[in-house]
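Order-wise, the sequence lines are chains S and G.
When the letters of the first sequence are read in order and numbered with my numbering, they come out as residues 151 to 321.
When the letters of the second sequence are read in order and numbered with my numbering, they come out as residues 13 to 240.
Source of the hints: derived by calculation from the structure; they are not laboratory data.
Do not rely on the hints blindly, as some may be mistaken.
No more than 20 Å apart at the CA atoms, straight line, and that leaves these computed lysine to any residue pairs for SDA-like [claimed, not checked]:
#1 G:Lys85 to S:Gln196
#2 G:Lys85 to S:Asp200
#3 S:Lys162 to G:Lys85
#4 S:Lys293 to G:His37
#5 S:Lys293 to G:Lys85
#6 S:Lys288 to S:Lys162
#7 S:Lys172 to G:Glu134
This is what each chain is made of:
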Amino acid sequence: MCGARVGALVSKNTEVMATAMKFAQARLSPPTLGQIAGEAALATPQQYFDDVKEEYLSRRDILVDGLNSIEGVTCPKPGGAFYAMAELPVDSAENFCQWILDSYSYKGATVMMAPAAGFYASPDLGTREVRLAYVLEKDKLKKAVEVLRHALEEYPKTLEAQSSAVQINLK
Amino acid sequence: MPESPIRKLVPYAEAAIEAGNEVIHLNIGQPDIETPEVALNAIKNFDKKVIEYSHSAGFESYRKGLAKYYRGKGIDVDHNDIIVTNGGSEAILFAMMTCFNPEDEVIVPEPFYANYNAFALEAGVILRPITTYLKDSYALPPIEDFRELINDRTRGILICNPGNPTGYLYNQEELETLRKIVLAHDLFLFADEVYREFCYDGAEHYSILSLEGLENHANHCRFRIKAL
Chain S
151 MCGARVGALV SKNTEVMATA MKFAQARLSP PTLGQIAGEA ALATPQQYFD DVKEEYLSRR
211 DILVDGLNSI EGVTCPKPGG AFYAMAELPV DSAENFCQWI LDSYSYKGAT VMMAPAAGFY
271 ASPDLGTREV RLAYVLEKDK LKKAVEVLRH ALEEYPKTLE AQSSAVQINL K
Chain G
13 MPESPIRKLV PYAEAAIEAG NEVIHLNIGQ PDIETPEVAL NAIKNFDKKV IEYSHSAGFE
73 SYRKGLAKYY RGKGIDVDHN DIIVTNGGSE AILFAMMTCF NPEDEVIVPE PFYANYNAFA
133 LEAGVILRPI TTYLKDSYAL PPIEDFRELI NDRTRGILIC NPGNPTGYLY NQEELETLRK
193 IVLAHDLFLF ADEVYREFCY DGAEHYSILS LEGLENHANH CRFRIKAL
């Protein structure tokens with residue numbers, strides 16, 4: 151229910167809370183309908199959380215184990231949330247993410263990923279990494295792994311073809 | 013202001029769809045898990061004639077409910093310790109604007125949730141990254157690395173636990189390390205614990221609100237109700 155847009159600032163520091171309250175007053179009110187959903191959601195049965203966690207756990211394992219089975223890919227197993235970072239055997243994850251959308255499909259499907267350099271503040275870090283969210287159903291994740299596996303086989307060939315084309319032009 | 017790494021490839025995805033391909037979206041954290049029925053029913057059964065403002069801190073009944081949720085997790089807070097915000101994002105922004113002055117520095121382990129850049133910019137705060145590495149599964153760097161970054165403008169440390177984008181779950185020992193650093197240097201500690209309900213392999217989430225002696229140092233931003 152991300153679209154409910156309800157969150158909370160929690161602190162035992164009364165001075166901080168008094169000042170934060172002034173900012174809260176300046177924006178009048180948090181969303182009324184979101185709060186109604188949020189308050190009701192507090193009564194969510196524990197079983198819901200158990201089921202959701204189990205589902206995410208199996209999704210995580212499908213994605214992470216699948217990625218690690220691809221030659222040259224490293225993906226540490228995350229302990230929480232629903233994101234994983236993976237290092238790909240490419241020079242520029244950004245170029246690869248663009249290429250796979252722009253110029254590649256496997257059995258009519260392609261994959262959209264978030265190039266990880268944008269999650270780093272230091273320059274030149276994360277250039278070979280991507281962030282992946284495992285929030286989709288298991289069959290889609292399996293399919294995504296297969297698309298990536300084939301794409302990573304294909305990608306170096308297209309780079310070679312490009313560079314030989316450049317060499318021909320230079321001649 | 014850098015472009016969102018989550019959305020910058022959207023035009024290429026649109027082109028792929030145009031070309032007749034299915035695009036599997038691993039780029040964004042929009043879960044397909046159904047919202048709890050109790051929450052949907054509450055919206056469906058809304059019977060007021062006016063959608064009014066609430067109290068600026070949020071409904072008192074909701075804040076009392078949240079405090080009870082935390083107490084159920086062994087975290088001692090009451091409703092006066094809680095301000096309901098517009099997503100976790102606004103909680104982080106309020107915390108930054110409240111605790112820091114322009115040009116103050118905040119240490120944040122990188123890679124970090126890219127929108128922290130925008131919140132820092134809005135608050136005039138400078139984010140100082142401390143690098144974590146894939147080879148260590150993005151674990152917290154050693155205490156010495158933090159000390160190297162701390163100067164007379166450093167006012168706080170911001171973590172996301174469990175992490176977006178890394179999925180890394182900080183253990184109690186790492187949080188104790190942070191506790192020592194913030195106490196030694198009199199810093200604020202912020203934790204974005206929006207994914208606190210999603211911890212795997214039997215691991216329990218350990219909140220910064222459970223760290224002793226940090227009552228005046230710890231702020232914790234949670235929910236955007238993604239937690240449910």
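* To do: May I ask which of the numbered hints given earlier this structure violates, with the numbers listed in increasing order?
  => 5, 6
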